[in-house]
Amino acid sequence: MADIEVIPVGGYNEFGRNMTVVRYGDKAVIIDMGINLDRILIHEDAVFESLSPNDLQDMGAIPDDSVMGDVDAEVVAIVLSHGHLDHIGAVEKLAAKYGCPIIGTPFTMKLVENSLNDDFGPDIDLPNEMVAMNTGGRRQLKGPLELEFVHMTHSIVQTAMPVIHTPEGAVVYACDFKMDNFPVIGSKPDYERLEELGMEGVRALVCESTNAHEETKTPSETIARDLLKDHMLGLRDERSGLVITTFSSHTQRLKSIIEFADELDRKVMLMGRSLHNYTTTAEEVGLLNLPDNVEVWKYGREINKQLKRVMNEGKEDYLLCVTGHQGEENALLTRMAKDETPWTFEQDDQVIFSARTIPNPSNEAQRYRLEERLKMKGARIIKGAHVSGHASREDHRELFSMLEPDHIFPAHGDIEHQSQLADLAEHHGWRLGEEVHIMRNGQRKTLPR
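When the letters of the sequence shown are read in order and numbered with the numbering used here, they come out as residues 1071 to 1519.
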């Protein structure tokens, strides 16, 4: 018999750079290795690929894993829950030192592999074995530990809810998730397996707290699809330009945009580096099948050439899906609004934002400037065609009810959001400080036997 220990490394008392360690005896599993993109953007001249792990840790951009020097255990696996950068972005900087297998779903692993060979930086050769495992799968790790991937829904395809099985019970990692019963791609969450886990015995639940303050159930992606359908197919001026921006990683949303563009008889151009990377990766693993009327462009020079072509042939024949929903200075939509491309916004061109503004002062200021520039050019702005990918209060209630964990660790949020999840847990009988643990990065908690 050995102790189970939960060690927060990143993503506790903050958003981003998620990393959690689960130790059982002399074996440990790392779950997620993400970046904090805001900390990189603050340092405008910093190039992520060229910075050392120590520099990035000093910036607060990647997890400070120095706590691992005091963990007397062999790391037997790095497990990736899904493909968002705040969960996988630090793999190239931190994984090599552990020398163990990296395990994720096929889409997630392909994103990691492609990022290691991106043509914007030198190729990175990690010594780690790369292992793709589908949800519903299990894999024996070194020693008595076993890994399971439970199928879950989120705002990126092939999201897993990792479960670390130990002889003393399971540790479930729910960062990130939502209970989407009508997803646009894939199936609803595996409720049957979650209920089985609850009956088998869950020692600890590490759970995101991003939207724990929202007193609702997070709407299905089908709702966002209906909103897009209303906005796009309700277009009255068929001669106007139509530009849409959304999260590049949101393959489900892109699928809806492409299908409604076909109904409008408009060719689709997906434009921007991140849109290219996520879309082509989804194609590689068979999650997306792009029809003949869809073109994907990555580089600035070729994008400018295609925008010139659109202007010459007529905006009414095209739908542009571009990067830049947060108003980022170097993103395509911002450059279009600043007349830095061959595209010209004209009166009544429509711009649909199918993404929320990530709530921090930098993003809010950038997005405000972008919208003002668009308005000055006569563009019509449509917002709100979006639903969150994160669990709200009712989703959390469902998860608590199914798993009935002995201990709950609020993660993926600052102290305010962690406290909201802790409050919900207390309302259902778990006690703060006894079974609910609000942790900070670098702290450690051994579960009582």
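Don't take every hint at face value.
[Claimed, not checked] Here are the simulated lysine-lysine pairs, DSS-like style, with alpha carbons at most 25 Å apart: (1) Lys1212 <-> Lys1097; (2) Lys1445 <-> Lys1212; (3) Lys1299 <-> Lys1385; (4) Lys1167 <-> Lys1097; (5) Lys1337 <-> Lys1287; (6) Lys1378 <-> Lys1445; (7) Lys1447 <-> Lys1337.
Simulated from the structure, these hints should not be mistaken for laboratory data.
Results of checking the hints against the structure:
Using a Cα cut-off of 25 Å, the hinted pair lysine 1212 and lysine 1097 holds, with the two alpha carbons roughly 8 Å apart. Of the pairs offered as hints, the one joining lysine 1445 and lysine 1212 is violated, with about 58 Å between alpha carbons and a cut-off of 25 Å exceeded. With a C-alpha separation of about 20 Å, the suggested pair lysine 1299 and lysine 1385 falls inside the 25 Å cut-off, and the hint holds. In summary, the hint linking lysine 1167 to lysine 1097 is supported, as the alpha carbons are separated by about 16 Å, within the 25 Å threshold.
Simply put, lysine 1337 and lysine 1287 have alpha-carbon atoms about 36 Å apart, too far for the 25 Å limit, and the pair is violated. Restraint check for lysine 1378 and lysine 1445: satisfied, since their Cα atoms lie roughly 22 Å apart, inside the 25 Å limit. Only pairs whose Cα atoms come within 25 Å are accepted, and lysine 1447 paired with lysine 1337 is accepted, the gap being roughly 24 Å.
Of the hints listed earlier, those the structure fails to meet are numbers 2 and 5, in rising order.
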